[in-house]
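Just so you know, the sequences run in chain order Y and V. Position 1, counted from 1, in the first sequence is what the working numbering calls 3; the numbers after and before it change by one each time, with no gaps. Position 133, counted from 1, in the second sequence is what the working numbering calls 760; the numbers after and before it change by one each time, with no gaps.
Hints in this document: simulated from the structure, not taken from any laboratory. Quick caveat, the model's predicted, so the values are computed rather than measured. Hints should not be assumed to be uniformly reliable.
Here are the computed lysine-lysine pairs in the DSS-like style, where the Cα-Cα straight-line distance is at most 27 Å [to be verified]:
no.	chain 1	residue 1	chain 2	residue 2
1	V	K693	Y	K70
2	Y	K35	V	K693
3	V	K759	V	K784
4	V	K703	V	K759
5	V	K693	V	K782
6	V	K759	V	K693
7	Y	K70	Y	K29
8	V	K759	Y	K35
9	V	K700	V	K767
10	V	K703	V	K693
11	Y	K35	V	K776
12	V	K734	V	K700
13	Y	K29	V	K693
14	V	K776	V	K761
15	V	K776	V	K700
Covered stretches of chain V, going by a simulated chain Y footprint (3 or more residues, C-beta under 8 Å) [claimed, not checked]:
no.	segment
16	636-648
17	652-665
18	688-698
19	701-707
20	715-729
Glycine residues also receive a C-beta, built at the ideal position from the N, C-alpha and C atoms.
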Amino acid sequence: MINVVFFAALREQLGCAQLSLAADDVKTVDDIKRLLCEKNEQWQQTFANTSLLSAVNHDMVDGDHLVKPGDEVAFFPPVTGG
Amino acid sequence: MKKHNNLAEISIQTDDFSLADEVALLEQDNLTDGAVVTFTGRVRNHNNGNAVTALTLEHYPGMTEKSLANIIKQAKERWHIGRVKVIHRIGELSIGDQIVFVGVTSKHRQDAFAANEFIMDYLKVSAPFWKKEKITNAGKISENWLAAKDSDNDKAKRWS
Numbered sequence: 003m004i005n006v007v008f009f010a011a012l013r014e015q016l017g018c019a020q021l022s023l024a025a026d027d028v029k030t031v032d033d034i035k036r037l038l039c040e041k042n043e044q045w046q047q048t049f050a051n052t053s054l055l056s057a058v059n060h061d062m063v064d065g066d067h068l069v070k071p072g073d074e075v076a077f078f079p080p081v082t083g084g
Numbered sequence: 628m629k630k631h632n633n634l635a636e637i638s639i640q641t642d643d644f645s646l647a648d649e650v651a652l653l654e655q656d657n658l659t660d661g662a663v664v665t666f667t668g669r670v671r672n673h674n675n676g677n678a679v680t681a682l683t684l685e686h687y688p689g690m691t692e693k694s695l696a697n698i699i700k701q702a703k704e705r706w707h708i709g710r711v712k713v714i715h716r717i718g719e720l721s722i723g724d725q726i727v728f729v730g731v732t733s734k735h736r737q738d739a740f741a742a743n744e745f746i747m748d749y750l751k752v753s754a755p756f757w758k759k760e761k762i763t764n765a766g767k768i769s770e771n772w773l774a775a776k777d778s779d780n781d782k783a784k785r786w787s
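Okay, chain Y solo, but in the shape it has when bound (with noise of 0.2 Å):
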């Protein structure tokens, strides 16, 4: 399974802050996306938004990166802390 995490204002939108994925049916966080924009309407318009920063085990990627099963991946808005 993938451990997904969604943060801040992403988060809200979603209703959701957290859910598991099959690893089976994706190679890469942009495959995520797109499994998780099949949801429904609400769930692709948030994923419209391209300026959604990724992370895989804590460390910021690209859509292309690679993901295994045990991964936490985690999508969130730019962020706005200091």
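Given the coordinates of chain Y, assemble chain V onto it according to the supplied hints.
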């Protein structure tokens, strides 16, 4: 008084911090560094023309620490610096509250000045924190997630 501990360079906390205590820890048993540069970030009472009444800070536990450790590592590779301390608060904050602290020591001031600014600039664009503001506009209270600023990206790019 706490003892200085090299492993405790990063602290993500809900509690406030004391600037005096943090400076004392950076200086404790440290007679080789002649420069101590500190930055403290606080909650402003306005943003984009709106009156801000409070702020909530969310973070990504685990990734935040990893990201800050990586920024500190890069700073140590670029400049001759001694001790580093980064504190970032999370949770609900009020106007005037301290949010973030960066302290850097070095033998001479140039290294500590540059490294401190570098750490803040990279924290702004790569450490997973998000601010949600409570604002009052024409008597109405609303909550907004802050949008990232292009100017912050430009500041971070100066270092590459």
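These are the hints, each one checked on the structure:
Taking the CA atoms of V/K693 and Y/K70, the gap is about 20 Å. The hint holds against a cut of 27 Å. In summary, the hint linking Y/K35 to V/K693 is supported, as the alpha carbons are separated by about 24 Å, within the 27 Å threshold. Using a Cα cut-off of 27 Å, the hinted pair V/K759 and V/K784 holds, with the two alpha carbons roughly 25 Å apart. For the proposed pair V/K703 and V/K759, the alpha carbon gap of about 32 Å is over 27 Å, so the pair is violated.
A C-alpha spacing of about 22 Å is found between V/K693 and V/K782, which places the hinted pair at or below 27 Å, so the restraint holds. For the proposed pair V/K759 and V/K693, the alpha carbon gap of about 23 Å is at most 27 Å, so the pair holds. For the suggested pair Y/K70 and Y/K29, the alpha carbons sit about 7 Å apart, so the restraint of at most 27 Å is met. Taking the CA atoms of V/K759 and Y/K35, the gap is near 25 Å; set against the 27 Å cutoff, the hint holds.
At most 27 Å may separate the alpha-carbon atoms for a hinted pair to count; V/K700 and V/K767 exceed this at roughly 45 Å. Distance restraint check for V/K703 and V/K693: the Cα-Cα separation of roughly 15 Å lies within the 27 Å cut-off, and the hinted pair is therefore satisfied. Proximity of Y/K35 to V/K776 is assessed by CA-CA distance (about 25 Å); at most 27 Å being required, the pair is judged to hold. Taken as a hint, the V/K734 and V/K700 pair is honoured in the structure, with Cα atoms around 18 Å apart against an allowance of 27 Å.
At roughly 25 Å between alpha-carbon atoms, Y/K29 and V/K693 fall within 27 Å of each other, so this suggested pair holds. A threshold of 27 Å between alpha carbons decides the hint, and for V/K776 with V/K761 the separation of about 18 Å falls inside it, so the pair holds. Distance check on the hinted pair: V/K776 and V/K700 sit about 25 Å apart at the alpha-carbon level, within 27 Å; holds. Counting residues of the segment 636-648 of chain V whose beta-carbon sits less than 8 Å from any beta-carbon of chain Y gives 0, not enough to reach three: the coverage restraint is violated.
Closer than 8 Å: that is the beta-carbon criterion, and the segment 652-665 of chain V has 0 residues meeting it against chain Y, so the requirement of 3 is violated. Figure legend: the segment 688-698 of chain V, annotated as covered by chain Y; annotation consistent (4 residues with Cβ-Cβ distances under 8 Å, at least 3 required). Counting residues of the segment 701-707 of chain V whose beta-carbon sits less than 8 Å from any beta-carbon of chain Y gives 0, not enough to reach three: the coverage restraint is violated. For the segment 715-729 of chain V, the stated coverage by chain Y holds: 3 residues have a C-beta nearer than 8 Å to a C-beta of that chain, and at least 3 were required.
Violation of the numbered hints given earlier is confined to hints 4, 9, 16, 17 and 19; the remaining hints are satisfied by the structure.
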